[in-house]
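S.K.: Residue strings, one per chain:
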Amino acid sequence: MISGFLFHIGRYILLIRQVFKRPEKQSIYFRQILIEIENLGLDSLAIVAFVSVFMGAVLCIQMAFNMDTPLIPLYTIGFATRQSVVLEFSPTIISLILAGKVGSRISSEIGTMRVTEQIDALEIMGINPTTYLIFPKIVASMFINPILIMLSMILAVAGGWLAGSLTGLVPSSEYVYGIKAFFEVYDIYYALIKSVVFAFLIVSISGYHGFYTKGGALEVGAASTKGVVHSTMAIIVFNLILTKLLLA
Amino acid sequence: MIEASNVSKSFGDHLVLDGISVKFETGKCNLIIGQSGSGKTVLMKCLVGLYEIDNGRVMYDDRIFSRMSFDEMKVIRQELGMLFQGGALFDSMTVEENIVFPLSMFTNQSPEEKRERANFCLSKVNLENVNKLRPAEISGGMKKRVAIARAIAMNPKYLFCDEPNSGLDPHTANVIDNLISELTKEYNMTTVINTHDMNSVIEIGDKISYIYKGKLWWEGNKDTILESDNPELNEFVFATELTRKLKQK
Ligand SMILES: Nc1ncnc2c1ncn2[C@@H]1O[C@H](COP(=O)(O)OP(=O)(O)O)[C@@H](O)[C@H]1O
Ligand SMILES: [Mg+2]
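These protein sequence lines map, in sequence, to chains X and S. So for the first sequence, my numbering puts the first residue at 239; every next one is plus one. So for the second sequence, my numbering puts the first residue at 1253; every next one is plus one.
It is possible that some hints are incorrect.
Computed list of lysine to any residue pairs in SDA-like fashion (alpha-carbon distance at most 25 Å, straight line) [what the hints assert, rightly or not]:
{"no.": "1", "chain 1": "X", "residue 1": "K452", "chain 2": "S", "residue 2": "F1342"}
{"no.": "2", "chain 1": "S", "residue 1": "K1384", "chain 2": "S", "residue 2": "K1409"}
{"no.": "3", "chain 1": "S", "residue 1": "K1297", "chain 2": "X", "residue 2": "D358"}
{"no.": "4", "chain 1": "X", "residue 1": "K452", "chain 2": "S", "residue 2": "Q1287"}
{"no.": "5", "chain 1": "S", "residue 1": "K1465", "chain 2": "S", "residue 2": "N1307"}
Because the hints were derived from the structure by calculation, they are not lab data.
Use the sequences and the hints to build the structure in full.
M.R.: Below you can see the structure in the form of structure tokens.
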């Protein structure tokens, strides 16, 4: 079990070193990055927006019920919703959702290319398949995920506002005052640093599992599952580490 | 010429290739034959460097390929084309993009030059008007032909084909075999073909190497293979009624 874990870690590190080798032709890589921004980022817009609005709404309603005492001013609900969204919900939960959506896509795409010998075909042409397949995805995700996360923050806070106003739990003016109160730019940096790190983890780990797929269609499915499970676990662990490093 | 000397390869404790020495000649279709699972694909992947060999040496003309680093291999790899068993076309690209992909990667040709080259290669494999289709939209035989077109896009000196006609009907299989043979003669390539199809053997086997239990068991050509008295080879060659009838003639 432990030796298996160490084997994977070692092979993963070697793979990552390969990924960052000098690419063959830069113009091609630039085009690949744009394609991946669309595949991995823009295609995830709808799910990110959907989840964010609803989670923001739920967060706001829960805050309102938990602070059901005249001693706490109503704007606290807006403030607390914003803090939860910025510090934890958007960077971590949305990254976990992206790990499921983007991670499985990457493992199965690369895994299929492995079992159908498309990766061998790249190598035979003298192209470094790790750089060609994984590098553009890493760059694209590290660029687009923070943007998705920012968008998620805005939509979640808006979802909270909508829920608060429609249910009458928080008057609009109080909520808006709350989301502007005690604002620290550092919190945004903190969230963006997290989302960049998580983007790297998602792509590299699911890419790793895809790249070392052996066998056929069944194993591609297994690789896809492993990609999602292991990147999810990595996000959870790194979330703790980053929180400790950046906030403590 | 490609020369393998004393090449061995094992996976774990499963010895697949046991000291194979064989020469593949220029301008000829060099066939590697053997039963399914005998190690033909492994040998071919050792020749092109997709598998690292445990022992021995692989030479491309006067260059020692088996000791090269990935970057050094690149030079030779731009001189070789390979047709994989399943075609291995890139799903995400159209037929034309597949063919020009190596050109985009390694040359500075203009889009027009690349299109012209793609059409030329497609015409060589008797295909037209398929440029914009994706691999999923064409038949198995067409995939093989597009894969051949991609393999010859860079004007290779060496061509490798792993079971070029497996999964095809006898007629299409024959067309593909003859195509490879014609291209080999026309461009004087060193062509290595894996097959277990006796039709191909008799049709295009300029040089034939029979692999048995990880060893090079017999060498000859399409004329001598029917005359051999090697029992293991005969077991392979005369496995079907059709070939047995051929012998009686
Ligand atoms: N990557 C691999 N790992 C372990 N064993 C392999 C691998 N590739 C091939 N083998 C084994 O090597 C033997 C020869 O396989 P192969 O070369 O594919 O046969 P064929 O002659 O049908 O092409 C088989 O027993 C196969 O199980
Ligand atoms: Mg094979």
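S.K.: Now look at each hint and say whether the structure bears it out.
M.R.: Results of checking the hints against the structure:
no.: 1; hint: X:K452 - S:F1342; in the structure: holds (18 Å)
no.: 2; hint: S:K1384 - S:K1409; in the structure: violated (28 Å)
no.: 3; hint: S:K1297 - X:D358; in the structure: holds (9 Å)
no.: 4; hint: X:K452 - S:Q1287; in the structure: holds (22 Å)
no.: 5; hint: S:K1465 - S:N1307; in the structure: holds (17 Å)
Violated hint for the displayed structure: number 2, the only one.
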